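Undergrad: Hey, can you work out the whole structure from these sequences and the hints?
Protein chains in written order, with our numbering: chain A, 1 to 364; chain B, 1 to 570; chain C, 1 to 279.
Think of the hints as simulated: they come from the structure by calculation, not from any bench. Quantities reported herein were computed from a predicted structural model and do not represent experimental measurements. Any given hint could be a false lead.
[Stated by the list, open to error] Computed list of lysine to aspartate or glutamate pairs in EDC-like fashion (alpha-carbon distance at most 16 Å, straight line):
hint	chain 1	residue 1	chain 2	residue 2
1	A	Lys203	C	Asp152
2	A	Lys188	A	Asp340
3	C	Lys278	A	Glu20
4	B	Lys37	B	Asp26
5	B	Lys87	C	Glu153
6	B	Lys513	B	Glu496
7	A	Lys203	C	Glu214
8	B	Lys513	B	Glu327
9	B	Lys87	C	Asp152
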Amino acid sequence: MTKDVESTVGDPIADPGLPEHQYRPQDVDAKFERRTERQIATMFGLATLLLLGFCVSYFAIDSDVRIFAFGDPSSGTAFGGWSAQNFALGGTLGGALLLIGVGIIQWAKKLMGDHEMIEMRHPVRSSDEDRASVMAEINAGVNESGIARRPLIRNSLLGAIGAMGLPAIVMLRDLGPLPHGHTNTVWKKGMRVVNDVSGTPIKPSDLKVGQLVNAEPAIFFETDEDGHPVMHGHEVAAAKAKAAVILVRMRPEDITPAKGRENWGVDGILCYSKICTHVGCPISLWEQQTHHLLCPCHQSTFDLADNGKVVFGPAYRPLPQLPLAVDSEGYLVAVSDFPDIVAPSYPELARDQKKLDEKFGGDA
Amino acid sequence: MSNNTFTRVEDSPTGKKLAGPVGWLDDRLGLAAAGKKNLRKVFPEHWSFMLGEVALWSFVVLLLTGVFLTLWFVPSMGLVEYQGSYKPLYGIEMSEAYASTLNISFDIRGGLLIRQIHHWGALLFVAAMMAHMLRVFFTGAYRKPREINWLIGVGLLSLGMVEGFTGYSLPDDLLSGTGLRFVDGMIRSIPLVGSYIEFFVFGGEFPGEAIVPRLYIAHVLLIPAILLGLVGAHMLLLVYHKHTQWPGPGRTNENVVGYPMLPVYMAKAGGFFFIVFGVLALFGAIIQINPVWVYGPYNPSEVTAGSQPDWYMGFSEGLVRLMPPLETTWFGWTFTWSVFLPAVGGLGLVFTSLALWPFIERWITGDEREHHLLERPRNAPVRTALGVAAMTMYGVGWAAGGNDIIALKFGLDIFAITWVLRIGFFVFPVIAFIVTKRICISLQRKDNETLSHGWETGVIDRSPAGGYAERHAPLPVEKAYALTSSREPLPELESERPKKADAKGVRNPKYRKQSLRHRLREFYYSGSVDQPSREEIEHANEHLVGADQHPIELGEDFQGISETGVPRVH
Amino acid sequence: MRKLSTRRRHFLALPALLAMALLLTGAAYAVVAPDSATAESDASVSQIEAGRQLFVVGCASCHGLNAEGVTTAGTDGEPGNYGPSLIGVGAAAVGFQMETGRMPLARSGPQAPRNQQTYTDEEIEQIAAYVASLAPGPARPSEKDVDWQSVDEEGIARGGEFFRTNCTACHNSVGAGGALPSGRYAPSLKDVEPIHLYEAMLTGPQQMPVFSDEVLTPQDKREIIAYVKTVQQQGNDGGIGGGGLGPVVDGMFMWIIGLGILTGFAVWIGMHGTRTTKR
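TA: Printed below as a string of structure tokens:
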């Protein structure tokens, strides 16, 4: 028994012991005591009133009443616009809770006994005898079970229990389908590039130099004979997460297309994926004078005049470009799907890109 | 009531009323034995001990408000056309999750309040856990025998962050969807199996329709249940070990001095719950948080400037922003380091080093004793400096997570900020370490100075020769004791380094380990000064006498000495 | 404790402030008069001439005597842009730049900031007429173009869709603005006149891209303006909005104010109260 809870050795100063207890005014003067009692009871009383006020506000205040201060709401300069109901409910509830809390603590501080008490600590460690007897019991248990002597039973049991993990893992298989669709989007040859939200097709003449259009493939807005959309719900969301694009128009002399990309634009109009190659935020913070496109999530910056090259930030791959052409009616259309993989990188990316390169290799 | 005359409990009015129920319960549960020990359990008092309580109570507030929210929240990604009373979104197609969140905010009376309290509570929960953890770290309260409780705390912190993030993602608004998009990118960056995990987590291609219901069940059942269990274990161990205390007169490593659980602590802790809840309710009433209606429903082709995670993920977000582009292809596999390293590696590093620290420190110091007295941060300079360096590193990551807001609000160049923080991530912590360690050691010296030369009375003596000197008086013994009692004497470091081989040329198999430990020990204690010995203090006190050769008497108006060693004035 | 009690007093004083604000509101409304800006399709010759005079004095030093622009050697081998050419920018660009006080530029910087209008409305019309006469360009929108009050609820909701798709990435979901590279920024949309919102979309000032009427039709633009104005006027239901800057500000509130207040309470709870020497 050497490891007791020991005093820190070598204290240069002897412990003077607890100082003498000092009394509170409430302990010695009944006048103080009564005043404190009244004070606390008032807090609890006020809290009750506030809670009643909560109920009154709940029924009395319409949920569309708003509180404004300093200025004119109709000009948008006013401060506030807070929901009166939220403010009243929260104010009364918060006030009541605070009063109850402060009252209880005041009671504890001012009126409850406040003599400090001393409790001794005991070493966490059990006595040596206890340890020895526990070891003996474990030993007896192990011996009686024969777990050490019967490795066949032990190991086969361990194996069976280990195999229990397999169903648990196997069962997770149907959480989702196997990965697919990373390489392709809904874009295909001849699909029109249409304005997002309104779905209007775009002619090159609609775009001024310095213009940005947040666009989508036309298929999102197409309907079948019965007027039902061709794609709906989550199909659209999943497709959008890869196929959203931006159209930008620059002066043709500012653009330095890479080899093989000379004819991907139409009169200085280029089309790029809107999905950042870093972690997939939609990017459309385009600076028309520098031609830089900034991602608001992690500040990856791409130069759209230079084939979507990364000029700053954590993104590694350049922004994929969609080759453009004009259809017979003069509207902008895609020449093909993206020749590069859109959206964030994933482990099979290099292999998938290789396949794409082979597919597009001939005519790029 | 200052009534010190005891009545026998059976004769007191309370005793008469309670004897029956207590007896009934004890007949069935036999709780009296445990109650006897614990009802009047003593807890020491200090404001910093209540930070953990803030976390506990905000967790309770989260449970209460969370139950309310589940009554109306619909965890579904099924699409509906919004028909509620928020006009600017009327008729827009959105998920049921988002529509029901709007419903809670605008059509359920008090729903907005509960939502805001819940969100503020979540921010407070993690913030208070972190503040509590810093308190425990800087005072050495995690030392033996409390390492296991420290580990539980690390678990609570990490789970609390995950719980917060799952909640942030539930409303399916543009901001939370953007957060999920980031998670999608992060999952994809996991080497080799990223695509598979992506498809299993999202139930197909991002965004799919499974993620909100899946996150919901984790948010309302799985993680809270684990959190609750860990909180219980955390509290049980706290009661079992008894709380640590600050050194002071009468407070030693073998006792605990304070107020009893029943009634004082029950009242103080209970009252504090109401205060935490009250402050959160006022926050919910006055300060708007996460106005999902202005963000709009999630749409993978939309984003808003200032897209940020909640603060506790800001560090991770910042590291991702700071990371330069890095991606390699090995054997046909793509490894996206620029996402994987900061996002997964950063948090992994934080939690691993947190979990390992108590064991690393114990290995370095070789300290096997139980510690129940808190150590002042200055008395463990390397620990304190490491803590501050880690906080600095965390702070750099955190600031980087808001670099766009900083750029916008202070008119700075966002790229320049990023570069400063990229370099600062490695440089600032080093500076912080050196500065903090120096400050700690200076404070140690100042303590020694006060102990051996007394406190400065502010009384200026003029000597017959015309010189002026400030009169020093010996430190009151209570104060001197508090200053010295938790301070460990510096261990005697082995002056000789471990040898590769002994005199007979036998190789020392543990040489590397011993040598590393030796060097770390030297580093850990380097610069620290020992406190003056008993003789030195007594000797010094004898010299602190007035002109009449009598020890200086402290007048009636002496009010003691403040934390900083300055005499209090009224 | 002292801090806490003042906080509570403030809190109770809010209703009083609200009453005062109502009075102020009335007064303020009388002062604010929406200035009308009508498109002058056929500007008179004298107006163009007056505009040219003003241009030569006030603008030509940067934009060139004939508004052809002034280029400098620049950096990285690319020609620098001292003042861009104004040929073909149209009256809308002049109206936007000068009425929001961005032009004339006080000093060069990463970006021309919004400022007090320095020229009179009449002078701006004259300069606009002159610039418009140089080459065809977008005219100033008509009053009907920016009449956002006429947009119905469905239109406002649709405007929200356009806004989130085209605008929020830079300007933030409540129009609080956002950061761009190299010290540039997308400015806040608070208190911007509808006509200037329209002209900004139409002309793409500075780094902002153009959103031409062919792609975003005048009706689309009107709906966007209606959405922005509606959202800004409705205020923040939940309370103090933090400028619409999102979670970063929320985190700061919680760490500094929330944890600060609660630590204050903890200090109070742990404090030894008044003691007496009696007994």
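Undergrad: If a hint holds in the structure, say so; if it doesn't, say that too.
TA: A quick look at each hint next to the structure:
| no. | hint | in the structure |
| --- | --- | --- |
| 1 | Lys203/A - Asp152/C | 29 Å, violated |
| 2 | Lys188/A - Asp340/A | 14 Å, holds |
| 3 | Lys278/C - Glu20/A | 13 Å, holds |
| 4 | Lys37/B - Asp26/B | 15 Å, holds |
| 5 | Lys87/B - Glu153/C | 7 Å, holds |
| 6 | Lys513/B - Glu496/B | 15 Å, holds |
| 7 | Lys203/A - Glu214/C | 9 Å, holds |
| 8 | Lys513/B - Glu327/B | 36 Å, violated |
| 9 | Lys87/B - Asp152/C | 10 Å, holds |
Hint compliance for this structure: hints 1, 8 are not met, and every other hint is.
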